[in-house]
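Sequences listed follow chains A and B, in order. Under the numbering used here, the first residue of the first sequence carries the number 1183, and numbering increases by one thereafter. Under the numbering used here, the first residue of the second sequence carries the number 1183, and numbering increases by one thereafter.
Worth flagging that the hints you see were computed from the coordinates, not collected in a lab. No incorrect hints appear here.
Partial selection, computed: residues in chain B whose CB lies under 10 Å from chain A:
| no. | residue |
| --- | --- |
| 1 | A1242 |
| 2 | A1271 |
| 3 | A1273 |
| 4 | G1279 |
| 5 | N1508 |
| 6 | M1513 |
| 7 | G1520 |
| 8 | N1540 |
| 9 | D1579 |
| 10 | L1580 |
| 11 | V1585 |
| 12 | N1588 |
| 13 | G1589 |
Cβ coordinates follow ideal geometry from the N, Cα and C atoms, glycine included.
If you want the building blocks of each chain, they are given just below.
2 protein chains.
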Amino acid sequence: MLKTEKKIQVVENGGVTAPKGYKAAGVPAGIKNGKKEKKDVAVLVSEVPAAAAGVYTTNAVQAAPLLVTKASLEKTGLLQAVVVNSGNANACTGEQGIKDAEEMQELTAKVFQIDKELVGVASTGVIGVLLPMDRISEGIAEASRKVSGDGGVDFARAIMTTDLVKKEVAVQVEIEGKVVTIGGAGKGSGMIHPNMATMLGFITTDAAIEQAALQAALRQITNRTFNRITVDGDTSTNDMVLVLANGQAGNDTLNPGHEEWPLFVEALEYVALHLAKAIARDGEGATRLIVAEVCGARSEEDAEKVAKTIVGSSLVKTAVFGADANWGRLMMAVGRSGAEVDPNRVDIWIGSIQVAANGMGMEYDEAEATLELQKDPVVFKVNLNVGHADATAYGCDLTYEYVKINGSYRT
Amino acid sequence: MLKTEKKIQVVENGGVTAPKGYKAAGVPAGIKNGKKEKKDVAVLVSEVPAAAAGVYTTNAVQAAPLLVTKASLEKTGLLQAVVVNSGNANACTGEQGIKDAEEMQELTAKVFQIDKELVGVASTGVIGVLLPMDRISEGIAEASRKVSGDGGVDFARAIMTTDLVKKEVAVQVEIEGKVVTIGGAGKGSGMIHPNMATMLGFITTDAAIEQAALQAALRQITNRTFNRITVDGDTSTNDMVLVLANGQAGNDTLNPGHEEWPLFVEALEYVALHLAKAIARDGEGATRLIVAEVCGARSEEDAEKVAKTIVGSSLVKTAVFGADANWGRLMMAVGRSGAEVDPNRVDIWIGSIQVAANGMGMEYDEAEATLELQKDPVVFKVNLNVGHADATAYGCDLTYEYVKINGSYRT
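Generate coordinates for the entire structure from the input sequences, incorporating the hints supplied.
Written as C-alpha cells, this is what we have:
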C-alpha cells in the first residue's frame, strides 16, 4: 500500500511532539486508583490553532467527551489543544458527564488562554462512574505547567489503561523540499474491534493542510488501519482518533490537488498503521500479533470481511496461543465471513507453509507449521481465487491472561 | 412464549425413541481415536417413512453429509432413518467426502431395506480428514443390529464430541385426545473443539403432519431456539437439525389450519429450546449459562440483536466468569448491537438487581449483584424502552478452561 515508503523516514523515539510547534505532558492525578502512581492526565498543545479532523466510535452509546469534542470540531474545524484522562471513561454519565467534559475543555482553555472550542477532550477507563473533577482539575493544571517539546513520551504513557507498552511513532517526508513531520500516540487493549474500538489515537503534523482534505484523508486511512484491527470483538463507547495539522512546516497548504498529496497521505497512513498494529499486538493478554492477508477476493470489502473474521475468531486466536496448526478453523472463518467464496478454490498458508489447496488439506510438515505459529507476528495467507482484491487485518491471540484481566477489571 | 406450557408434559428420561415407532442405537466404532472406547456411530430408524424437515449451517463451507442429506430431503420430503458419526466431520474432504457420505446413506439403507434417499447423514468431528470407511461400515452394521425402542440414550451419547453431558428430552401433548410425543437429542454448539465441528439436533415425533408445515415450523422455532445460542461466535461447517414425524400417534394430519397446531408448535419449541439451552450451558469450558432477556425493542429483530450481542461479548462472558458486576459492558453491547437504541432510555438488571436506569448507573448493593452473577443461570434483563418487542438469547461464560481446551489441544 505504501508505494513510496522509502521516502518516508522514521524519527527515532518520535511521538506527538516530534512535529514543529507542539508541546505535551502527562502527569499522575490519582484518577486510576485514587493513588498518584500512574500518569493519567495528559495535555497536548500547539503554538497556533491547527486544522483538525476526527473519527469516532460507531457504538450508539457514545461517551460525553466524544460528543463534546465532535460538537466543537464540527463547528470550528480547528484544535489547538487536547486533554485526555485515563482510568475513567466518562461514559454513561448523563448530563453531569457532559458538564464534566465541558469543564475539562474550559480548564484547559483557560490555562493556555485559548477558546474552549479549540480544545479536544478524550477519556478512557471504567464506564458509568462520574469523573473526580477535583483531581482532573489539579491534573490539568499540573500537566499544563509541565508541557514541553519532548513531553510526547509522557503524553503517550498517561493515556494508557491496561496497555503494557506505550504506543508512539513519528515519520518525516519532504514536501516542496520542506521537511514535514507526522507524529502519533495511541492506546488500546480491550474492547478493540473494527469500527473504532477502546482506542484513542492522536496524530500531529506540522504540515499545512486544508481541513476538509485532512478529514477525508483521516477517514480514508482509518478504514485501512484502525478499522482493520480487533482484540476481542467489542466496540467501545470512547473511541476517537484526532489529527492536528498546524502548518509550522511552512509548506503550501496541502489538498488532493497537490502533487505530493499522495506522499503525505501515505505518511499519515504509515503512522496510523504503526499505531493500529501496536494496539493489536498489545491487546489484553496477547502474546503475539496475528496478521491475516487475504487476496483473490471479488472486492476489497469481501477480502476485508474474511481477514477480519479470521483475526476475530476465538478459535483462531486460541490456536495461535497454542501454536496449533488448525487450518480447519481458517476454513470455518472464511466460510462464515459473509464474503463471496467458493470453498473448493480456497488456498491457505500458515506463514510460508501452504496447508490447504482448493479447500482441502495438503501434506505439510506439522513441525514447520508449528514453528510458523510461534513467530511474532503469526501470518495467515488466504487466496480465495475468485477475484483480484485484497485486504489485511490485524489481531492478537486469546490467552489465559485475557480472561484473568477481564474477569476482574474493576478490582 | 410457551403460553400453554402447562399442557406440555415432560417425559422422564425421554429422548428420540420416546415417540411411537422409533428405534435407535449408538456403538463405539473406533472413529474418535482409533480405539473403540467411546460410542461414535449412531443410527435412528422409524417403522415407516416420516415427513421430515431440516435446517443447515449458514457457513458457506458446508460439510459433505449436509449436502447429501439436503439433496435427498429436498427431493423426497421424507426420512425413515438417520445415521450419524462423531469424531470426524467429513468437511473439506472434496469429492471423496461426498462419495463417503453417500456410502453411509447406502449402507444404512441396505440394512433397513429402504430407499437410500430416506436416510439422513450427519457427521461431527475433525475437519479435513477422510472418513475411515471400513470402521464406519462396521459401526453402521453393528448399530443397525442393536436398534431398540430404548436406544435413544445410546444415540444421544454416540453423537457427543467434547460435550460433557448428553442432551436429550421428550414431551407429550394431547391432540384430538390422542397423546402426541416429541423427543430430541443434541450435541455441542459452536466449533466446540479445536477441530471439532458442531451443533447437531435430531427431533422425532409420532404426530402426523404435513411436510411443508413441518419445515415451516422447524424454521420458525429454530430462529427462537438454536439460532439464539452462542458459545464462541464461530459457526461450524456441519450444523444441522432434522425433524422426523412418522404419524404413529394416529392424529389427523396437522397443518397450520388445525385447531391444535399452536400447541404442537409450542411443544416442538419446548424440545428445541431445552436442547439449545443444554448446548449453551455445556459450552466449552463454561461454568454457567447466561440468559439475556431484552424487551422494549422496536422489533423482535432488534431485541434479538441486543440479546445475542450481550451473550456473545467476550467482555460480558469474562465478567460473568469473574462475577464482576461491570454493567458498562452491557451498555457497550447494547450500543454496538446495531439495534435502534436511545442510550438515555436503557434500563439494565443483573438478576433481580437494577443496576442502570436511563442509561446511567444506579445505587445498588455490589455484594447482591455479585451474588446474582454467581447463580446459574446468570440472567441479564435489558429494557430498551423504545418499543414493545422482546427476545431472549443464551450463552455461557468465557473461562481459562476455554482457552486451555482450544489452545493446548495438540500439546
